[in-house]
Structures are given as structure tokens and as C-alpha cells.
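Protein chains: 2
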Amino acid sequence: MPDLNPCAADPRLLWAPQAWVQGQWRSDVVLTVDVNGQLLEVCTGMAAPPGATRLPGPVLPGMVNAHSHAFQRAFAGLAERRSGERDDFWSWRDRMYAVALRVTPEQLHAIATQLYTEMLRGGYTQVCEFHYLHHDADGSRYADPAEMSLALVQAAQDAGIGITLLPVLYQRAGFTQATLREDQRRFASTVELVRTLSSRVNALMSPLARAGLAVHSLRAAPAEAVQELALQARFLDGPVHIHIAEQTAEVDDCLAATGLRPIEWLARHVPLDHRWHLVHATHTTPGEIEAVRRSGAGVVICPSTEANLGDGLCDLPGWLASDTPLSIGSDSHMSRSWVDELRWLEYGQRLALRRRNVAAAPELGLASTAARLFDRSIAGGAAAAGFERWGLVEGARADLLVLDADAPGLLGVPDSHRLDALVFATNALAFTEVWVAGQRRLEQGLHIRQREARAGFAHAMRELWAEL
Amino acid sequence: MPDLNPCAADPRLLWAPQAWVQGQWRSDVVLTVDVNGQLLEVCTGMAAPPGATRLPGPVLPGMVNAHSHAFQRAFAGLAERRSGERDDFWSWRDRMYAVALRVTPEQLHAIATQLYTEMLRGGYTQVCEFHYLHHDADGSRYADPAEMSLALVQAAQDAGIGITLLPVLYQRAGFTQATLREDQRRFASTVELVRTLSSRVNALMSPLARAGLAVHSLRAAPAEAVQELALQARFLDGPVHIHIAEQTAEVDDCLAATGLRPIEWLARHVPLDHRWHLVHATHTTPGEIEAVRRSGAGVVICPSTEANLGDGLCDLPGWLASDTPLSIGSDSHMSRSWVDELRWLEYGQRLALRRRNVAAAPELGLASTAARLFDRSIAGGAAAAGFERWGLVEGARADLLVLDADAPGLLGVPDSHRLDALVFATNALAFTEVWVAGQRRLEQGLHIRQREARAGFAHAMRELWAEL
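From first to last, the protein sequence lines stand for chains U and C. According to numbering that gives the first Met the number 0, the first sequence is numbered sequentially starting from 0. According to numbering that gives the first Met the number 0, the second sequence is numbered sequentially starting from 0.
For the record, the hints were derived by calculation from the structure and aren't laboratory data. Owing to the predicted nature of the structure, the values given are computational and were not obtained by experimental measurement. Worth double-checking, as some hints may not be accurate.
Stated by the list, open to error - The calculated label-pair distances, taken between Cβ atoms and stated as ranges, are:
#1 T247(U) x E146(C): 55 to 65 Å
#2 Y96(C) x R101(U): 48 to 58 Å
#3 L352(C) x E466(U): 25 to 35 Å
From the three backbone atoms N, C-alpha and C, an ideal C-beta is built for every residue, glycine too.
Just chain U, with the same shape it has in the complex (with noise of 0.2 Å):
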């Protein structure tokens, strides 16, 4: 006799008492997951099937952190002073330049390995790495090229995160300058080598790694270089990154450079597609939002890191009213917490327009200002690595993140506020297990491998930071 119920016919069975399908809670979820590790099938109002796995909570799918720049992670902490009259982004870039020019391929290793055992604690299952660490610390090739790129994929797969590989192409110092600064020696590279890395990376064949490419900037790569990397991008299948208009002054150089403000310029001379993410895109007109929406292209906002840096707070009324894909990335990594990253989208706008609930659009029949940006995130997230199928759907990842209900922030809370409740009223990471692939990392609220990515990084730290 046939097996009629296909939720119980195939490898791996999880039962959850909530799961998060399709922006809504649903009561008792079987989830299928293949051999691969992705979702065969969601099924929903089912009693455990025998045999199945109960995850021990409510179930979020996992969380895309779309910007990363995994050697910061060492930084985190220690330019929280100032010694002059002002600092701001561009002094934070001095001084974190000084620690990229220290890391080495092992240090790279032990620090992302720890980053990403964070990023999993804080419910993110996938990180794309904007990555322009390319060569030695002197400047010259490492007898690999791939050398870097390699240790970060490496880092992913012992921390068991998914990555996506964005090699940066960075030329120039500024919109008026030929060559990059002595101290940006280690980032130069041309459309050639960033396409190979990626290559590199795509060859590896891994279901957890896969690539795309990156222009750092406007201001760091000429215009025939980045028409170039956005014309050989169309005969690739990942998603190109750019951060821009994270800055003012960014804004005034292009405008001074091109007569028009950056988001305008790329807009206008580059064919952007759904396969572009805008870093940051901070400073915008509501015409720059509308040619964003034109194109397709999506936008990933850093909350805790613009905040950090003082970039200033986006158009996020304009943004969520667009359509335009939105995705959030942890950037330096002073929170690897996407809860955090949406409580503070949320509340920077609420401070600047002094009223509460900004990103709700009832008007939409999306009351929950938790449900939408979370969604959104969600869908932006998947775009900006590269997926087309993500969350607890069929074809999916299964990529996981089980609540502990008894959180302080979540205990006591009714079902159907749990997401409001998580994103606002916790403190504490509130995950007591993270799977990736239909893989466990998390248990108990702590990573499997957590021992040694400490060790490792302890390591790292003790000889970058000998001298303070």
C-alpha cells in the first residue's frame, strides 16, 4: 500500500508546536528535510508523526545577515574612544584600517570561525561576506589568491553558517584619485581577480558556500571598472553588493565628481537588476528610491552600525513603501543579533519622527511593525545571498531557529504576540537552538563548537592587540 502522507514518508521529520510559515504562525509543523538538507515539504496542523524529532520551542526560519566584513569582528570594542576634537566614520576608518593590515590568513580563520558561532547564537543562518582583505599585508600576492576568501569559507564551514563569497573590487582612493592609499594596499584588485575568487568559491561545490561579486564603493572603483564587473555579472548566477551614500561626504564627492549623487549615478550608468543590493543607502531622494524600485534592486540596511558610525538613519518609510527588497546585515559586528538590528530600525525612525510603529502598515493588513520588517528581511535577505527559495517553504534550506519560549521577554506571552514580544521586549539571545541545512549548531542556547571558536579567536586577539 502506498504511503499517502508524504510528511511521513521521506528521510527527516521535525515537529514543531509553532513555526512561522508564510507570515503567520501555524500550530504543530511537520517539517520534512532531504538528504541535502532542504525542505521536501511544510506541513501544518499535525500531530508529531512517530520517529520525528520535537524542537523544543516555536520556530523562526533563519535569518540572512547580508553584510559582513568578518576581520572587524577583532575591532569590536576598541575604537569606542575619541582623542581629538571629532570622530567619525572617517577616523573610525584609519583606525580600523591599522587592524587590516595586521590580519593574517590563520587570524582571518580564528576570527570569522568565532563571528560566525555568534551570528548563529543571534538566529542568523547565512552571512554574505563583503570581502576586500585580497593580499598579504605588505601588498603582495599570496601564492593562492583565493588565500583569504578561502579562509572565510573555511571559517564557515567549521562555525556550519552558510556563506555567500562577495570578492570586492576596489581600485581607487577616492572619486578623485588614480590609485588607492598605501594603506589599502592589501584591497586592490581588478573585475579579473574578483571574478575569479568568486569562481573559486563556486567550485568548491559546497551547499554551504557560493559567491557573487562586490564594488567597495563609488568613490573606490572607476566607472568603466565597475560597467565592466556589472556587465560580466549577467553571465553569473550571485548577487552583486555595493555599499553607497553611507555618508554625506560620499554624497558631496560624487555629486562634485559626477554632477550627480551616487544612487543617481549607478542607477543611471550601471543596468542594475534584482540581483544588485545597495549597502547602506542611507542618504537618498525619494526619486533615488523610485529608480531603486525601477531597477529591482534591493537595499540592506546596518542599523547598529550606522548607528556606531554616525551615518545617519535612511528613508525607511520610503524604502518599505517602494516595494524594494530590504535585507539587514551586522556590518562591524558590534551586535550579531538581527533582533537587535530590527528593534533599532524601528526606533531610530520612532525617534526621528516621534511616533510609534513606523514600519506597520495597517493599512496593508500588516498591524505588527515585528512581522513586517521580519518578513521583509526575510524575503530581502534571500535575494541579497543569493537564493530564491528561503524559509519554511518547500525547496528551502532548512534553516531553522527554535525560540525559548521562557525567555525573559517571551514568557508569558501569547502566541500571537511572540514576534512583537522577541524583536522589542528581549534582551538576552533568545534561541535555544539554531539547525542550518537540517543540521543542529545551537543546542541549549550555545554552539556546538563553541569551545574552540573561543579558544581560536582568544588566540587571534591576544596577538593583534599585544601592544594595549
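Given the structure of chain U, go ahead and fit chain C onto it with the hints provided.
Just chain C, lined up with the frame of chain U:
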């Protein structure tokens, strides 16, 4: 032979590898605690004496939470939706009142007990309860008028946190109203009532409970009542708190009713002194800041609540430069972590001013943003809670926070930068032990009565939110 080493002579000795003593990390610190839980002596550079308890990490002094409405904890995460065109402080308040009208003394005790265990986890060891929920749900008096006040004090005792109860004078619905709204009936109070409630708490002679007085706001009490309370406060020991200038509408209403802005009015018509603490003080002019500075009064900032409610950002540079005592409060309890509050106090300023390390003052030798905010909040918080001595100094209560130096964000950070990293780079709660009055309340990051507190809270939440 007399014992010549005072640190080895008395009842309890604690030893810490490092401790934050008078604004800096000191190594090998011996804390002598007397039988009343007070610090008899703080010695640095000393090996652990025989029999001393070795604290498992670097030690900070406990933080005062200078503004709390405990019952609002039951509401955290349940107002993050919008139904109409606009949501703001006032629409939030209407929904908050619905909870205020329902809470029983038993529920208040359960909610506050859980809240206070969460505060201890977040590094607060003393809480100022701004308490206006005086009467029964229908507005009638409880047989004991101190019923609700004592429920809060009992909760603090059960959790083992210090409490400064501030019974609140609340008499009218607004500047132009003579009486309360129907849904404010539980708040009705006279100067005599709040004095009585304050005396009742002080009469307990508890080492962990003390009391002061409060006025809800200028809109909630007529001038004569505010002045009478101010007069009577001169004969009492405790602090006096008032909500002020949180909302622009309140500033406008005060101007319309009196011709003066709220802080202007208060400074002109009330003999402010160091016992007064102005809660929020968000919307100010330089003249108002100068008037507060001259008076000696302090200011209580509540960054996470002010963000949640869309109140706006205070003039932090102005307050810091004026040397006004500053403290922080968790207020509506969306966050129960002072680390969160200090981080976002600074980040809000960075976003608004587009520069970094706003709170640092290298010209005064205060280069670290975190250290300046921490030391100011420690000192201002002590004043707000009515303590003359606070911190790791002789004569202060032995309230200690023991850091987990291996927590993500602290791991591998050089000692010199530990406080910076705590405030800016940790995500989860990073305290492994918390001591109040020489007693351990938190062990391995968990409150010693966590289980009972959670059960009581969950029960109260089920009763309160049965309909959701």
C-alpha cells in the same frame, strides 16, 4: 597581637582579579563586607587573603535603575502594533491604562518579582519605583492604603534587589482639567497619601527598602500641590522625582497654561535641590539646562523607552557639559539592561549629530565614552535613589557585578578596553554573578530564584492576557 591588616580582620572578604574603583580598573582587589552588607574597606593590589571568596571575574559596582513602573513589564511587547493612522505616546498610554486598570496586588507582586530578577541579570541592584497605582481597580481604597506599595517592596525583597519607592502624586488629567479621567481612578492621591506611603516604607527599617516622593508631572498636579509636596519634602530624607518634558505636546500645553516651559516653570516655582530628579527632560533649552545645573537637581534618562515611545532625543552634550547628575531608567521595561541603555543613549546622539563618541571628553581626560557614561550614571543613580555613598567605596552597600570575561564581546578584549567592549560590543547579558548587600543573587548568569519568579509571572500573564 592586634591584626594590622584591616582587610583581613572583618567578617567577609571578597577578592576580585580586577575591579572598577573610582573610575578605573584596579587589579587584585579585596573587598571587606560587614555584617550589614556594607563595604568596610576596598584594598587594591593585594593577593587573595586566606578564606576570601574569589569572585570569578572582573567586578563593576551595581547600577541604579532610576525609573521604573513595574506593572508595565506585563505590557512589554504587547503594544508594538498600529491600528490607525498614527501611533504615539498618547495612543500607547491609552492601551497601557487598560493594563493599569486590571492589575491586582497579587499580580503586581508577581510581575515585579520577575522584573526585578531580570533587572539583577541586567546589572541593576537598586530600583526607583515611580509608583502611582495606589487604589483598587474601581478606584476604591484598599483596606490598607499601602497595599500596592507593599506589594512592590515585597517583590524587591523576594528578588533581593534594593528599592526606593516613590509614591506618586497624581491629581488631574491635564493642565486645564481639575480632575482625573475615569481611567486614571487608581492614581488619585493627595500629598498626605504619598507622605503616608513613603513613611510606611521607611518604617520597615529594611536595609533594602527606602522611600522618597514623586509628582507625576506638572500636567498631573496643580501648582499648589506641587509646591506643598516640595515644602514637605524638605523635612524628609528621600529623593523627589517628577516626569518632565518627555513629550512636545506637554511642553506646548505647559506653555499655553503657564507661559513657561515645564522645566522653566519648575525651576522658577519650586525650590529645586539635589534631592530632585527630573525624569526624561527630553525637550529643553540651554537656559533650562542652566537652571537645572544651578539648582543641583539631577536628570533621569530612559533611552530604550524614549525610543519605543518616539519621545525624541535629549540634549546629552548639554547635560554632560553642565555637570548635572545623570542617571538611567528602564521605565517601561522594554529593556532590563543598563548596557543597552548606555549604548543607545550614545548611539541616538551619534545618529542625530553624525559623529562618534559624543559623550567622550578627551579635553577633560575622559576619552572613553563608556567610562564617562558609566561613572556619571553610577553617581547620578545613587543620588536618584537617595544614597550618599555608592560604588566600590567604603561605606557603600556591597553591590557587585561580576563580568564573564569570556562572554562574546568581552572575550579577548584587553583589560584596558573592557568597559568599552561591554557597553558597545556585547549582545547577551554578560554578568555571571550579581551581589546585593554582600549577598549573591545571580549565579552563573541566572537568578537564584528564577524558577519561582517565572512561574508566578507566567500565571499573572495568563490571567491578564486571557483574551489575546
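Next on the checklist: Need the list of violated hint numbers for this structure, in ascending order.
Outcome noted: Of the numbered hints given earlier, the structure breaks none, since each of them holds.
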